[in-house]
Structures are given as C-alpha cells and as structure tokens.
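**Student:** Chains as they are written, first to last, in my numbering: chain A, 1 to 351; chain B, 1 to 333; chain C, 1 to 267.
Any given hint could be a false lead.
Straight-line C-alpha distance at most 16 Å; calculated EDC-like pairs for lysine to aspartate or glutamate [claimed, not checked]: (1) C:K104 x C:D190; (2) C:K125 x B:D23; (3) B:K67 x B:E270; (4) B:K9 x C:D190; (5) C:K104 x A:D235.
Ranges between beta-carbon positions, derived for each pair [as the list claims (entries may be wrong)]: (6) B:F173 x A:P18: 46 to 52 Å; (7) B:S290 x A:P234: 36 to 42 Å; (8) A:P258 x B:I235: 41 to 47 Å.
In case anyone wonders, no lab produced these hints; they're calculated from the structure.
C-beta atoms are modelled at their ideal positions from N, C-alpha and C, and glycine is treated no differently.
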Amino acid sequence: MSKALSDTPTQPWKTVDPEFRKQQLITHLGTPVLALLFTVISPMAGFTGFCVTWFGFHVFAAALLAKYGKKPKSYANAFIEVFVGVTIFVFVAFVSTVLWPVISNGMAGVSHLNLLFQDAGKVGADASLDKGGFGHAIVGSALMIGLASLISVPIGILAALYVTEVRGKLTPFVRFFVQAMSGVPSIVAGLFIYSALIISGILQYSGFAGSLALSILMLPTVARTAEEILRLIPDDLRTAALALGGTQWRTVRMVVLPAAKSGLITSAILGIARVAGETAPLLLTAFGNNVLNVNPFSDSMAALPSYVFNQMLLGGDNDMARAWFATFVLLIAITILFTSARIVADRMKRN
Amino acid sequence: MSTELETEKITPRVIHVIRQNSDKVFRGILIAGGLAAFVLLSGIFGFLATSAGPVLRAFGLSFFTGKTWYAGDGLLPSEGSIDPPTFGLAPMLWGSLLIAVIAVAIAIPMAIGIALAATYFLPKKIAFAFTVFVDLVAAIPSIVFGLWGFFVLMQHGALWAKWLNTHLGFIPFFKVEFEGFEQSPFMAGLVLAIMITPIIAAVSREIFASVPAELINGAQALGASRWTMIRNVVIPFSKSGITGGAMLGLGRALGETIAVFFVLQLFFDEINWIRILESTGGSVASLIVSRFGEAQPLEISALFGAGLALFLVTLAVNAVATAIVSSTNRAKK
Amino acid sequence: MGSEELEFVANLDNAMETKDINVWFGERQVLANVNLEFQTNTVTALIGPSGCGKSTFIRTLNRMHELIPSAKLAGRVMLDDEDIYAAHVDPVDIRLKVGMVFQKPNPFPSMSIGDNVLAGLKLAKRKVEDADFILEDSLRKAGLWDEVKDRLKTSAGSLSGGQQQRLCIARSLVLKPQVLLMDEPCSALDPGSTRRIEETIKELRESVTIVIVTHNMQQALRVSDYTAFFLSEEGHPGHVVEYGLTNDIFHEPKDQRTDDYVHGRFG
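Take these sequences, add in the hints, and give me the full structure.
**Tutor:** Here it is as structure tokens:
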C-alpha cells in the first residue's frame, strides 16, 4: 500500500478561510457578552430582555459581517442570510419556551409516581400530590386511541388502496375528499358524533363515542400517508404478480401489502400521534371522568388531554402541578410515537 | 403496406375483462373505503344542519349576521319567553378570521425562512435534524399550546402589546378602547402562528425541494448568488405552492379550539373589527367549547349552527388550498 | 407480407398465432396488422429500433397490455385454437399459460428466494403436493439451483442482478407455461449474466415456446430460431417488416430496411 500524499482526497471547496472563521466567532461570542452588559445597565431586564438584546445585536453584527467581512456579499445576499437566521432563531426560541415549562414543571411530578397509577376518584380539588393521579386518564387515552385505530386504520388503508390499486374514475374524487376531510376542525368532529349518536340516544357519553370522534380526525392522516407509502411500491412488483396469474386481491395481499408493511405501520403511528393530544372533541363525546372506567361502551371516560384541560379549569397550585405532569407524559408519548414513525419510514425509504 | 393501412380504417375491439369473484368483492370493498371520506363529510354536514335546524329556522340569516350572542332563558318568543335569546354569530366568525389571518401573516415569513434554511442554507445533517424537529412541533398537541399561551406567552405578550400600543397606537390596528392586553386576537394569533408555522414550512420545503435541479444549476452557471437564485428562480417557481400551504395553515388556524380558548376573551355583544391588541375577540371554535357545558337545548342548537358555519368555512378554505397545491404539484411534474 | 414467405413453417405446430394485431394508446396507433406465428418449442426473437412497438406487442400476448388504462387493441391472439381476448376468457388463465419475464429483474422483496420461486402457485391459488420438487426443478431449469440451494430461506434481495433475473425465470417456469415471453431480459445485466441467461434460454427451448424481445442483434442471432423485424417509420405505427428463420433474416434479408438494420446502418 503505497500512496503518495498528493493522492489523498480532499475537498478544497470546503476549506474555510481561518480569518473568516475568526470573524464569525467574534460575532457569535461577542454579541451575547455585549447583550449581557447592555441588559445589566439598561432598562431591559431579565432573560427575555437579554434574548431580545442579544438577538438585535446579532442581527446587526451578522449583517455587518456579511457586508464587510472576509467574504463580502451584496446587501441582498446578507439580508437573506440574516433573515433565514432570524426565522430559525425566533422559531426555536418560541418553541423552547413552549417545551421548557412542560419539562421543568413536569419533572416535579416524577417524584410522585402515584400520579401515574391512581385515579382521581377520592381526591378533592387542589389535593396534595401524594394522593390520587391520572392513571384513569392514561388508560382512557390508550383505550380510545386503540379503538380509534381499529376503526380508522383499516378504512384509511382501503381508501389509499383504492387510489393506488384500483385507479378508477373516482380517484381524484377520493383524494379530494380525503384531503378535505383532513381540514375538518376537531371540534366539528366532536359535534358530529354528539349530534349523530348522543343526541339521538344511540350512545351515551362514552369512550366509544370519543374514539369515533378521534377516528374521523385520524382517517385522513392514515389515508394520505398510506397512499404515499403504497406509491413507493414499484409497479414492477404488481406487474410481476399479475403476470404470474395473480388476481388483484391476491396481488395486493401477497405482494403489495407485505412490501409496504413497515410503511403502513408508520401511517398508523402518525395517525395516532395526530389524535393523541386532541382535547376538544373528547369534551363533547367521552366527556371525562374522575375514576377509572375500562368499558368504552358505557359511562364517560377520561383522557390525558381532557384531564389537563379540566385541571387547568380548577386552577389550584396542585391541580396545575398535576396538569403539567400529565402534559409532560403526553408529550413524551407523542415524541416517542413520532420518532418511531420517522425511523420506520426512513428505513423503508432507504430500502 | 403503409398505403394499405391508410385506406382501411380499423377500429379497436372491446376487451372483456372477466374478474374472479374474489376480485369483485375486493374492488367493492376498496370503493367503499375510498368513498368513506365523502360519506363522512356528507354525514357531518347533514347532522350539523339538522341539529342546527331549530335556531336556523328561528333566526334565519340573522344567525350569521347578528352581532349579539345572548342565551336568555333559552326559550323562543313563541314558547312564551320572558327573556328572549338572540344568537348572532358575526363577532365569532369575524374573530376567527381575524386571528387566523394574524397567525398566517406571522407564520408565512417564518415558515419560508425555515424552509429556505432546510433546503439551501443548513448543512445536510443539521437540515435533516431541523426538519424532524419542525415536523415534531407540528405534532405538539393544542392543549400544550394552550398551557403555553396562558402561562408563558400571555405575560410577555401583554408587555409587547402594551409597547406596540404606546408607540404605534396611532395605527388603527394598535388602538385599544380599554387597557386589557392579555387575551386579545393578537395573542391568539401569536399562539396559532407557532402552531401553523410547521405546516406551512413543510409544504414550502417540499415545493423548494421540487425546484428542478436544471433551473438551479442553470442559475448558478450564470453566476447567480444565493440571493439572486432564490429571488429569480426559487420564489417565482414556488409562489403558488406557498400560497396553498398558507391556505392550509389558515384552515388549521380557523378550526383550532383549545389553544385559542385560553388566550382569547370572547366578546358577545359587538364585532371587534381591527383592534387586535384589545382583550375582546371572537372565535367560533372557542365559543362552542366555552358555552357547550352550560347551554340549554336552544343554545346547543345554536352551537351546532356555529359548528356548521365553521365546517363550511374551513372546508372551502381547504378545498381552495388543495386545489392550489395539487395543481402546482401537477404542473411541476 | 407474402404468403410464400410463411410456407416454411406451415407443416409445424403453432403454439401461438397473432392475427391482424393493431394497438393504440389513446388515439395514437402504435402497432398495425401484426401477423406472427410462434412454433412450438422454438425461440422467436423480436428485433427493431426503440419505439417500434416490440415490447407493446409482447404484452398483448398474455393480456398484460390491457392493464394500461389508455390501451386499445384490435385483432386476435390465438392460443390452443382459441382467441385469448374472447369474451368468456379469464385473463388470469391466459397469464398462467403464457408466462413473462421483464426487462428489470423484479423478485418480491418481502419473500425469501424459495418463496419467490413458488409465489406463482400461491398467487394462482394452486395446491401442489411436491412443492419441493417443483422448486428444485424450476431452479435447475433456470440454471440457478447450485448457486442458491443452500440459502433458499434468505431474502431475494441478496442476489446479484443476473441471479435475480434467473430467479424470475424460475418463478415463471413453476406454472409450467406453454409460452414464455421475455421482454429484453438481459438489458439490465452484465455480459457474464447475459451469457448465463442465454444458455438458460437454449435449454428451456426443449420444454417451452419462447418469444424474446431484444435490442441486441448478436443475442437474437445466438439464441433464436426465428426472427421478426419490427419497424415504425415516420408517422406510421410499428409493423413487421420481415419475419423468417433467424439465419435468413441476418444473412439473406429480403427487405433493404432489414438489411440496413441488421448491419447496423440505423437504429
């Protein structure tokens, strides 16, 4: 193995001028220091004040750097870079303030694990955190989401199969209505189930009514993602199966669906993630409950988001602590669902 | 041989396709599945309209144009009411629109910046992680945004609103009639903006990614800088797609309930046309949740009417959005 | 096409015959009046420049053509003295009798090598008792047995392109087709794999009638007994210019255009 030094592959276009690096570094490190000083001596106060000033300084410095730095650009070019940077900063800053309170307040509940397993049956408003919990809401959420999946995943996949396999005259029609359905406000889904099944006396407030409302919201998500997945299955495979004398049904069952399996699981998970945090429709259908109810067909049922909603309406310190912890649990569950869906989908796309 | 062809006109024969029974059943089931969305949408319309019937009959068009929502004793004059109710949805409908428009106005630039960053500015791996993050934000439940709006944003947002009012109060939008800044359309719009930014960003990102490489390479070969390329190639190519994405965001913002419920003070007697910083506003979805628990049958019927109006407005917005997005996608393929 | 040209085949068995095949996609006619007869247990090569309708034609022979929504057709395809497009014929039955191998190897990714070979039986819902024998027999005929006999349970994705294509051939053989259609089976393969497949084709001729579309004239010369030359001249749909014994087509073509094509002067 003899290799001349000059043969080592390099990427000369990626080398960064050290002078430019230095200027960048000064911008990124200098501005927070300046901002800190400014926050101390000026009326801008606190963390928000610091962020705002830092942000202002940074925009200014970045613009200066872009115009007069080692790699000078036109104003417009500098502007677009600063603009993109600003949007990322603002968005991430906002979202961190969304997530941070959930994490910091939620962590407080971790030392009260009874909250995860007990129900709120014998617990009054603002009771100490050592008593009761929202186990009933976790069970209720799981039951309702499970039932909703049983209903909407098969129907969603059928709708997707219609578009990708039958390819009939109704295809644009089907796609249009699936898309239109994805815009149905969640409260309207709740109203619909309330009007169709509860007012008419077919069902009472119950977990099943809740899961029907969730199915309506889940169906378009499942149908659309499943359609995208089924489109990834090459037509070659369908043709091959048909050429071997397969009927359409056996082609789909033996070739198309097995090849799309992991992707279809993704579509189901994304559907679940879509509805796991839904509150409004459940208020009108499952109503909520203080105690554990495992029968979705009779009596009202609690779910995590509606539990949080009701705790917020109570508003005491301990009520809020429960709400934050429940939100924390909900957020973790959704993150896990979403990430696993992402991983499965990426693995499928790579194959 | 070719002359022979032109003289005799041959017509295609009909190809009979015999389907086995299993396929007939299978296709039947698929058609049923495909029609599910249509059936459900018609069902939603039908049931909401029926349930809203009593109020729509009693109030007619004034249900949509009236400016007062008052439950009274829940009886119609014909039923011997002493304290007759009026149900006018206009403040809520206008309020929903106002906050949705504020949300979209804030979200569009943010979403475009995020999509540009993910497509053209960030290094590949970071761009991927960032994209996953943005998509994850789209999955954050509205109740979380409700908590955020109520406990975090409202305190700071009220300060910003006050500042805007003090310094820019001469602009009609920033005027207030009374000094309560906490639960204003501006605040609700801000919460919704963060919620819909990921949606618009995702659509924009897909459109940016579909800009043909030839166009970009062509521009670069002509010595275009990143700005000139974005301005002259990417944006013109993506304009209608971004519009469609914004409409999708608008639809989502119109229908959002819980997040708005906590950060908007409903005002039942008058339309707040443009004073976006003031704690008086309207939202159809929020109205339904806030009144549903204590409403008597007649008001329930009115809430169904509100749901029907919301359903139709979001459906229309979504249909237009879908048409725009899919027609641009088709044109680009 | 003169009838005297076809006399040399008159006393042989016809496995399949097409009568005045015309094909359209939408309003555009792509094939006109194709009349060909395929002799039992022979190899017929269809040659011609790109876009002349060879691949379209071959797909009319097992009713795969109709899967394209805008496809139309006139004429008849006779198999066992029956028109395969007759109203009472189930296309599934035709595809069982007339197998097909495609340009790109397309094994089923979710199945093992063994399952892939036997997939046809399951797709056609055929019950067999000696599945193991059929599996080995088909793989041997496709010349793949020795290479895969120890890993029948592994995924088909682990095979090379050439092996995958032979797997696809074995897969079609399981159903014991009377006719095997091959649509440029070697165009995605390297020269080594191509040679293996050509050997397989020569061995298969003992038991099945083969129709092969190829772009490679040397290949047509190597593997086929008969050759049909398709051409689509400017503004006209594709048609058969000349059909005959492969040797005649390549060495004593009657038509100037055939001569030009087989000698590489166009196409």
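**Student:** Does the structure break any of the earlier hints, and which numbers would those be?
**Tutor:** Structure breaks hints 4 and 7.
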